[in-house]
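J.: Protein chains in written order, with this note's numbering: chain D, 1 to 160; chain L, 1 to 684.
It should be emphasised that the hints constitute simulated quantities derived from the structure, not laboratory data. Mixed in with the good hints, there may be bad ones.
[To be verified] Simulated restraints, written as ranges between beta carbons of each label pair:
hint : chain 1 : residue 1 : chain 2 : residue 2 : range
1    : L       : T66       : D       : E44       : 36 to 44 Å
2    : D       : E44       : L       : T133      : 53 to 61 Å
3    : L       : R424      : D       : G115      : 44 to 52 Å
4    : D       : L15       : L       : R681      : 33 to 41 Å
Note that beta-carbon positions come from the ideal geometry of N, C-alpha and C, so glycine has one too.
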Amino acid sequence: MTFSPQLEARFATLLASYPPGRERSAMIPMLLYAQDELGSVTDELIAEVARRTGVTPLQVDEVISYYTMLRRKPAGKYHVQVCTNVSCLLRDGDRLFEHACQKLGIENHGVTADGQFSIEEVECMGACSWAPAVQVNYEFHHDVTPDKLDRLLDELKEKR
Amino acid sequence: MPDPVKFTIDGLALSAPPGTSVIDAAKKAGIEVPSFCYYEGLTLVAACRMCLVEVEKMPKLMTACTLPVAEGMVVRTNTPQVHTARKYMLEFLLTNHPLDCPVCDKGGECELQDMAFRYGAGESRYTETKVHTPEKQFSPVVFFDAPRCILCYRCVRVCDEGMGVKALGVVSRGVVSEIAPNHGDHLECDECGACIDICPVGALTSGTYRYQTRPWEMTHVGTICTHCSDGCKTTLGTRNDRILRGNNRDRSGINGEFLCIKGRYGFDFYDHPDRLQAPLVRKDGKLEEVSWSEALAAVANKFQQVLGEEGSFGIIGSNHTTNEENYYLQKFARQVLGTNNIDHHRTGDVVTTLDALSGKTGKLATVADLYRAKAVLVLGADLALEHPLLSFQIRANYRHHQAHVYVVTANPVREDKYAAAVVRGRDYASLAARLKAEPDLAILFDDSYKGDDIRAVVEFGEQLGIPVKYVPLVDRSNSRGAVDMGLTPELLPGYQPSGQPGLHYDEMAAADLSVLWVVGANPLKAGASRKAGFLVVQDMFLTETAAQADVVLPAACAYEKNGTVTSGTGELQRIERAVNTMGAKADLEIIGYVAREMGAAAKMGPWTPDAVFQEIRGAVRGYNVPMPVLVTGGAAGTTPINGRVAADARPDLVRSDHNGLFASGTLGRYSKILNSVVESRQSR
Ligand code: SF4
Ligand code: SF4
Ligand code: SF4
Ligand code: FES
Ligand code: FES
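Throw the hints in and build the complete structure from the sequences for me.
T.: Structure follows, in structure tokens:
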């Protein structure tokens, strides 16, 4: 399986950062980076990561099915993650999530028809002090209100 | 040895070597600490929290399975806090677990049931709807029912660590996490069933046994697997003269709990619909069912007639039949029929090995030695496919004692993965320097080493300057015993020269003999037509050879008779009758009846296994083993000779069938389970 030169370089650094025989430790970052490039974790990717880290494809599957941030189906270009765990819940995170669903016209784990947005209800992201928190791809957004969220989504829509 | 550590458990002052876990120390002192995920011989995962104990100065309860004893440690297993913890853990395990023990396949021998009975609460506070997922079939052997699974990881670990297969995993998490097979919706693996037997609950069940019986309705008979030469004890569960399952949960036998698919499930050939259940005699060119007395008379009369006419006899024996049968058969051939035309299919060059080791004692490695040796050298053999137990022992030795495994084979083998060195081909001599540095060594070789190759291997081993033991690998459950019992033209029992070697296996099949008598073999398998004037065959099935016979006598299989067999590592063990199949008789009995019909009963002596075994003990050096070991189901090591073998070893006649995990000669062809798994259709 071929990846971009940048990703290959990242893999090389990752695999070299663990003692010999412990290449499997690089599995999660490899999957995350590859997912960014491919959009999702494909069967082919599973086999490739298994081969490179010296484990069985089933062992890779164990990890993927454990971590929600590893996806077997492609997400939207902007993956909107709304926290509804305790701190955020106390500050109306659940309503924020419902609002986001309505605004985008999709349900939890859904993707908009144009492939631009996807949404996911997530657990605590460690941003409790600024609850409710939203994460879009790798960007954090704090003290989010429905209005703030609308503006954010509109901006992103325009960016395309 | 480092100084032992002193500590107390429940007020008992104890000591143990450093590194001992609290759970092991408690067990040794007779204190039970309940556990699910802890399993002797497997890695620790601390997944079930059933083993929680109180330890002084520790802020919370500790898992006894992962806690090593320490100097001055004070452990309590019998406090209200521990009792409550156990109760809660069980309540937790039972939240989604179906409470349908009366119809569960594991009911009556379920560890969760026992634990709930002993340590659990009488009631549950859980009133919500249980999460349910339907049962899945992973293979013809393995079924999985997720709601019953308590996620102890035993199955995952035994497949990875014990079998070296790694076919199972745990996917997803929390309440929906479950066991998954390696190929998405199905398994491709050894199909050994180790995962099923080790499962404490009814989550993994076997295609052959599930829902056939309640465990307490069975009778359990410990006997020896009749397939390969590794000599595993398999405990057959029977009911109404039917074998329902095989396992070895009590760890009796040289194999502990290990069994491959053949020992665990491959017994089913015994009630194949094609099984012969009445003697057949050829009449007007066709084989017709007759009574035993008619068939035996036909054989005896023919034998008498040919003896009178000074005609020729040939006898082909088996490497599945017992020592008693083999001994009695060669005695019949030599003393009653007066011929050395007797042989069997030789699958390893045992004779040259023993000759090359002449004058040296303690040179044959046992199954236990393969677990203890500091280093193991594998020559030629694909052990994981052809000698599953030996492969398992070596793997366990590597995991538990970091043994160095050296592999010298033509093709990749499972041992490569953890081998200290791998050589493709036959150049074992290139390993000399490394082997010399080992404290001791066991060398195993298959039939690609015979005659002078073996002498060279022994010479190589003996000049290493370290203690070396050897295993000449052979194919079948009593291949080794057949040679020891003199089932060859050159050698009498105990490797004494016969003086006038007669015809060997292939020669007999092709010769114009007056009579060819085949006991449990299939020399015409390849489609050759018979040459002998009169052909008598004793077998369980109408094999290619039996189909051409004049008389076919239906034989009992190993699970239907008593006697002894000798494993490839020379360990003598008793087999015990588990069931009876109507119409079939043990080969020993058949030979005895032929002798009686011929008036040779007195000359031959009684044809009961015990009487013949006593004769063997006197006649074959090394078989004079302590009887208590044998009768209590143990394995007794045998060294049948320590001196030169004064006859040609005929290495040219040695050829192994190289049956893999899912093949077993004629028996394999008639085993439904061996033929049903997908792997048997792939080249393994
Ligand atoms: S049957 Fe044997 S090889 Fe197959 S998954 Fe179970 S333990 Fe592993
Ligand atoms: S299937 Fe059985 S052995 Fe495997 S994790 Fe579940 S309970 Fe344990
Ligand atoms: S390893 Fe050999 S003796 Fe043991 S169960 Fe398998 S076939 Fe039978
Ligand atoms: S609970 Fe939402 S970020 Fe912590
Ligand atoms: S036995 Fe200790 S946690 Fe399972």
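J.: Decide, hint by hint, whether the structure agrees.
T.: Hint check results:
| no. | hint | verdict |
| --- | --- | --- |
| 1 | L:T66 with D:E44: 36 to 44 Å | 38 Å, holds |
| 2 | D:E44 with L:T133: 53 to 61 Å | 28 Å, violated |
| 3 | L:R424 with D:G115: 44 to 52 Å | 51 Å, holds |
| 4 | D:L15 with L:R681: 33 to 41 Å | 37 Å, holds |
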